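The lines below spell out each chain.
There are 2 protein chains.
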Amino acid sequence: MSRTRVHNLAISLDGFAAGEPQSLEAPFGHAGERLHEWMFKTRFWGEGGAEGVDDAFAVRHEVGIGAEIMGANKFGPPGWQDDPDWKGWWGPNPPFHSPTFVLTHRPRAAIEMEGGTTFHFLDAAPAEALAVAKEAADGKDVRLGGGAMIVREFVAAGLVDHMHLVQVPIVLGRGSRVWDGLEALEDTYDIEAVSTPSGVTHLTFMRKGTEG
Amino acid sequence: MSRTRVHNLAISLDGFAAGEPQSLEAPFGHAGERLHEWMFKTRFWGEGGAEGVDDAFAVRHEVGIGAEIMGANKFGPPGWQDDPDWKGWWGPNPPFHSPTFVLTHRPRAAIEMEGGTTFHFLDAAPAEALAVAKEAADGKDVRLGGGAMIVREFVAAGLVDHMHLVQVPIVLGRGSRVWDGLEALEDTYDIEAVSTPSGVTHLTFMRKGTEG
Chain A
1 MSRTRVHNLA
11 ISLDGFAAGE
21 PQSLEAPFGH
31 AGERLHEWMF
41 KTRFWGEGGA
51 EGVDDAFAVR
61 HEVGIGAEIM
71 GANKFGPPGW
81 QDDPDWKGWW
91 GPNPPFHSPT
101 FVLTHRPRAA
111 IEMEGGTTFH
121 FLDAAPAEAL
131 AVAKEAADGK
141 DVRLGGGAMI
151 VREFVAAGLV
161 DHMHLVQVPI
171 VLGRGSRVWD
181 GLEALEDTYD
191 IEAVSTPSGV
201 THLTFMRKGT
211 EG
Chain C
213 MSRTRVHNLA
223 ISLDGFAAGE
233 PQSLEAPFGH
243 AGERLHEWMF
253 KTRFWGEGGA
263 EGVDDAFAVR
273 HEVGIGAEIM
283 GANKFGPPGW
293 QDDPDWKGWW
303 GPNPPFHSPT
313 FVLTHRPRAA
323 IEMEGGTTFH
333 FLDAAPAEAL
343 AVAKEAADGK
353 DVRLGGGAMI
363 VREFVAAGLV
373 DHMHLVQVPI
383 VLGRGSRVWD
393 GLEALEDTYD
403 IEAVSTPSGV
413 THLTFMRKGT
423 EG
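So the sequences go chain by chain: A and C. Using the numbering used here, the letters of the first sequence correspond one by one to residues 1 to 212. Using the numbering used here, the letters of the second sequence correspond one by one to residues 213 to 424.
Extracted from the complex, chain A is given alone in its bound form:
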């Protein structure tokens, strides 16, 4: 059974997955890289990194994934659709290594990158995009890569089986908030929380009655 999963989505205490304004120079706005420092210190991120609790969560990003869906705001800074040469933030070998579907109202031709990543561009509603991605995932799971807007849309549509958020002890005050429009997730998901020595708290949402 192919599932839809969110991993390593870092949020502030007040629920923002990115600050503002987002730009080429500041992809996460006034948040800078503060939401992701916990991850940079893990072995998941690089040789010599720590293999503690944060790493145990982080590595699941890769396990059993056959395709990714991401929002337009993750693929590039505002206006990337006007740049025909924009190929994402990640250089020639992006860390997705699978078919990667970018949701945008201005789709373009697919881009084949090194390392198994091919960017496909889709103008589609969540359920429709997920059907396409599941076909491409060939029985494996689909990762929903973010940002906050697309995650909350898919959760609201009942399409997410597993969600892993990482709450970082900062208060951003403004930006893109993962909670907006959501309510009573505890009815649909078993929720666990664990704080780690780095200061973050991992939250897992596992769909009830499934292996979510």
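Simulated from the structure, these hints should not be mistaken for lab results. From a predicted model like this one, the values you see are computed outputs, not experimental measurements. Be a bit skeptical, because a hint or two may be false.
[Stated by the list, open to error] Derived pair list, reagent style SDA-like, types lysine to any residue, alpha-carbon separation capped at 25 Å:
(1) 420/C to 198/A
(2) 208/A to 398/C
(3) 41/A to 93/A
(4) 41/A to 404/C
(5) 420/C to 30/A
(6) 208/A to 297/C
(7) 420/C to 174/A
(8) 41/A to 399/C
(9) 253/C to 194/A
(10) 346/C to 283/C
(11) 87/A to 56/A
(12) 41/A to 398/C
(13) 41/A to 396/C
(14) 208/A to 245/C
(15) 420/C to 196/A
(16) 253/C to 192/A
(17) 253/C to 198/A
(18) 253/C to 190/A
[To be verified] For each label pair, taking beta carbons as the anchor points, the in silico distance ranges come out as:
(19) 109/A to 369/C: 32 to 40 Å
(20) 184/A to 275/C: 31 to 39 Å
(21) 79/A to 236/C: 49 to 57 Å
(22) 402/C to 86/A: 39 to 47 Å
(23) 386/C to 63/A: 53 to 61 Å
(24) 399/C to 181/A: 24 to 32 Å
(25) 125/A to 320/C: 22 to 30 Å
(26) 86/A to 262/C: 54 to 62 Å
(27) 51/A to 259/C: 38 to 46 Å
(28) 93/A to 399/C: 35 to 43 Å
(29) 197/A to 276/C: 27 to 35 Å
(30) 81/A to 261/C: 56 to 64 Å
(31) 128/A to 422/C: 51 to 59 Å
(32) 63/A to 298/C: 54 to 62 Å
From the three backbone atoms N, C-alpha and C, an ideal C-beta is built for every residue, glycine too.
Please arrange chain C on chain A, whose structure you already have, making use of the hints.
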């Protein structure tokens, strides 16, 4: 040095300390009592309760406190100001046992209760109210009792030395949110998080450079 402290303020994952609508029958609106179940299970709440991590946090509510300040929304349901006989939710012996200052734009005469609690009614800005409460606390600390609105007002005004929030794994979606209007608390406070077996996460904010 008399400090200003917040204890046991329970919030949902999305930051709401109460749901809506608040009423005599439902003081916390659609949240019901779900934000406080963790506390009902502690020895702090009653004989036979558990003495684990949740209790260790909960009991600090009492320690070293000489006065409380609360918002009008904590003292009674909407419209309590129209009922001359309203004396709070807590019966003849309220759990404050100290001078307790209710901030309201419609003050009334003080009410002396059993057990050391006297309700005083103040129409005052945060700093002014705090000066009055500190005088009454006679060298001890002042507890800021909530709800969310008054806590965020006092935090924004730089008046809070220690804040303890308890994040409960539910998503309320609407109500009174503690984070609104706040930003960059990490600049002012050292922040710690610890999850406990009950499923909640205790967040402590300790003012930097003090004993907060």
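* Asked: Going back to the hint list, which numbers does this structure go against?
  -> As far as the earlier hints go, 2, 6, 11, 17, 19, 23, 25 are violated by this structure, in ascending order.
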